[in-house]
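Following the hints, put chain Y in place on chain G, whose structure we already have.
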Amino acid sequence: AQSVSQHNHHVILSEAASLELGCNYSYGGTVNLFWYVQYPGQHLQLLLKYFSGDPLVKGIKGFEAEFIKSKFSFNLRKPSVQWSDTAEYFCAVVTNAGKSTFGDGTTLTVKP
Amino acid sequence: ETGVTQSPTHLIKTRGQQVTLRCSSQSGHNTVSWYQQALGQGPQFIFQYYREEENGRGNFPPRFSGLQFPNYSSELNVNALELDDSALYLCASSLRQEPNSPLHFGNGTRLTVT
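Chains G and Y, in that order, give the protein sequences.
Residues 326 to 437 (the numbering used here) are what the first sequence spells out, left to right.
Residues 88 to 201 (the numbering used here) are what the second sequence spells out, left to right.
For the record, the hints were derived by calculation from the structure and aren't laboratory data.
Just to be clear, a hint being listed does not mean it is correct.
[Unchecked claim] So the derived label-pair ranges between C-beta atoms look like this:
hint : chain 1 : residue 1 : chain 2 : residue 2 : range
1    : G       : Gly-387   : Y       : Thr-107   : 39 to 45 Å
2    : Y       : Leu-170   : G       : Glu-391   : 37 to 43 Å
3    : G       : Leu-381   : Y       : Gly-103   : 48 to 54 Å
4    : Y       : Gln-104   : G       : Ile-393   : 46 to 52 Å
5    : G       : Ile-337   : Y       : Gly-103   : 42 to 48 Å
6    : Y       : Ser-94    : G       : Ile-337   : 33 to 39 Å
7    : G       : Asn-333   : Y       : Ser-94    : 30 to 36 Å
8    : G       : Leu-371   : Y       : Glu-169   : 28 to 34 Å
9    : Y       : Phe-156   : G       : Thr-434   : 39 to 45 Å
[Said to hold, decoys possible] Computed list of lysine to any residue pairs in SDA-like fashion (alpha-carbon distance at most 25 Å, straight line):
hint : chain 1 : residue 1 : chain 2 : residue 2
10   : G       : Lys-374   : Y       : Gln-113
11   : G       : Lys-374   : Y       : Arg-144
12   : G       : Lys-386   : G       : Ser-343
13   : G       : Lys-424   : Y       : Asp-171
14   : G       : Lys-424   : G       : Phe-376
15   : G       : Lys-424   : Y       : Asn-117
16   : G       : Lys-424   : Y       : Thr-101
17   : G       : Lys-374   : G       : Thr-432
18   : G       : Lys-424   : Y       : Gln-184
19   : G       : Lys-436   : G       : Gln-367
20   : G       : Lys-424   : Y       : Gly-103
21   : G       : Lys-386   : Y       : Gly-129
22   : G       : Lys-374   : Y       : Arg-183
23   : G       : Lys-424   : Y       : Gln-124
24   : G       : Lys-436   : G       : Val-336
25   : G       : Lys-383   : Y       : Pro-186
26   : G       : Lys-383   : G       : Lys-424
27   : G       : Lys-424   : Y       : Glu-141
28   : G       : Lys-424   : Y       : Arg-144
29   : G       : Lys-424   : Y       : Arg-197
30   : G       : Lys-383   : G       : Ser-339
31   : G       : Lys-374   : Y       : Thr-89
[Said to hold, decoys possible] Derived list of chain G stretches under chain Y, where covered just means 3 residues or more per stretch with a C-beta under 8 Å from a C-beta of chain Y:
hint : region
32   : 411-420
33   : 428-434
No residue lacks a Cβ here, since even glycine has one placed at the ideal position from N, Cα and C.
Next up, chain G with everything else stripped away, as it sits in the complex (with noise of 0.2 Å):
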């Protein structure tokens, strides 16, 4: 059965500091990943998306992660976090059988 971990359970930083959030999926097959963010009060929403191509995408407010096929890691990045990406995020990887598995989620603090 595939398994998604996301190691950090709750990350606190400074404005300004480096982001970067471990996501590692455990499926043999080809792969959809995805990080989904929710922002306090709203609905969680697409952040980035990898299915093939370029393993560096970019998403939203400046967020990138990386697809390490060999570490089945798909870790979400951010140069400089702003006090407005204060959030919780999620990793989540879709099999092309149309099954999905979220992490448990990655709640980010970030103080002014």
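Just chain Y, lined up with the frame of chain G:
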């Protein structure tokens, strides 16, 4: 563009009862997926509907069932409610049935089973 809307927002039911949750897809989206999110966990895939038929299912028992209507709206039905069914239920629509099509989520229905 109207987003995904879910109703009701909150619901309290008693163990053994049945519940129906409703979802209206985002305009133009033909695929609907349902998720269960327990406190402190990520969304867990229940099932997906495409062209009014179930198109994939997670590890949920048959007492979780659904419907998709010609206008792409959807219902999630849960029979014989158990205490562990207490969770946030999320509906998500997508433009296409393809696995690389991003999900657009509603705000969820908070179900409490007592």
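Structure-based check of each hint:
1. G:Gly-387 <-> Y:Thr-107: 39 to 45 Å: For Thr-107 of chain Y against Gly-387 of chain G, whose Cβ atoms are near 42 Å apart, the range 39 to 45 Å holds.
2. Y:Leu-170 <-> G:Glu-391: 37 to 43 Å: holds (42 Å)
3. G:Leu-381 <-> Y:Gly-103: 48 to 54 Å: Holds - the Cβ-Cβ distance for Leu-381 of chain G and Gly-103 of chain Y, about 52 Å, lies within 48 to 54 Å.
4. Y:Gln-104 <-> G:Ile-393: 46 to 52 Å: The hint (46 to 52 Å, Cβ to Cβ) holds, given that Gln-104 of chain Y and Ile-393 of chain G are roughly 47 Å apart.
5. G:Ile-337 <-> Y:Gly-103: 42 to 48 Å: holds (43 Å)
6. Y:Ser-94 <-> G:Ile-337: 33 to 39 Å: holds (36 Å)
7. G:Asn-333 <-> Y:Ser-94: 30 to 36 Å: For Ser-94 of chain Y against Asn-333 of chain G, whose Cβ atoms are near 34 Å apart, the range 30 to 36 Å holds.
8. G:Leu-371 <-> Y:Glu-169: 28 to 34 Å: Roughly 32 Å apart at Cβ, these two residues keep to the hinted range, so it holds.
9. Y:Phe-156 <-> G:Thr-434: 39 to 45 Å: holds (41 Å)
10. G:Lys-374 <-> Y:Gln-113: Status holds; Cα separation ~19 Å.
11. G:Lys-374 <-> Y:Arg-144: holds (22 Å)
12. G:Lys-386 <-> G:Ser-343: holds (14 Å)
13. G:Lys-424 <-> Y:Asp-171: holds (23 Å)
14. G:Lys-424 <-> G:Phe-376: holds (14 Å)
15. G:Lys-424 <-> Y:Asn-117: Judged against 25 Å, a Cα distance of about 17 Å means the pair holds.
16. G:Lys-424 <-> Y:Thr-101: With Cα atoms ~31 Å apart, Lys-424 of chain G and Thr-101 of chain Y exceed 25 Å; violated.
17. G:Lys-374 <-> G:Thr-432: Holds, because 19 Å separates the two Cα atoms, which is no more than 25 Å.
18. G:Lys-424 <-> Y:Gln-184: This hinted pair holds, its Cα atoms lying about 11 Å apart.
19. G:Lys-436 <-> G:Gln-367: holds (20 Å)
20. G:Lys-424 <-> Y:Gly-103: violated (29 Å)
21. G:Lys-386 <-> Y:Gly-129: holds (23 Å)
22. G:Lys-374 <-> Y:Arg-183: Judged against 25 Å, a Cα distance of about 15 Å means the pair holds.
23. G:Lys-424 <-> Y:Gln-124: holds (16 Å)
24. G:Lys-436 <-> G:Val-336: holds (11 Å)
25. G:Lys-383 <-> Y:Pro-186: Answer holds: Lys-383 of chain G to Pro-186 of chain Y is near 19 Å, not above 25 Å.
26. G:Lys-383 <-> G:Lys-424: holds (24 Å)
27. G:Lys-424 <-> Y:Glu-141: holds (12 Å)
28. G:Lys-424 <-> Y:Arg-144: holds (7 Å)
29. G:Lys-424 <-> Y:Arg-197: holds (23 Å)
30. G:Lys-383 <-> G:Ser-339: Judged against 25 Å, a Cα distance of about 23 Å means the pair holds.
31. G:Lys-374 <-> Y:Thr-89: Holds, at about 23 Å.
32. 411-420: It holds: at least three residues are needed, and the region 411-420 of chain G offers 4 whose Cβ sits within less than 8 Å of chain Y.
33. 428-434: holds (count 3)
In summary, the numbered hints that this structure violates are 16, 20.
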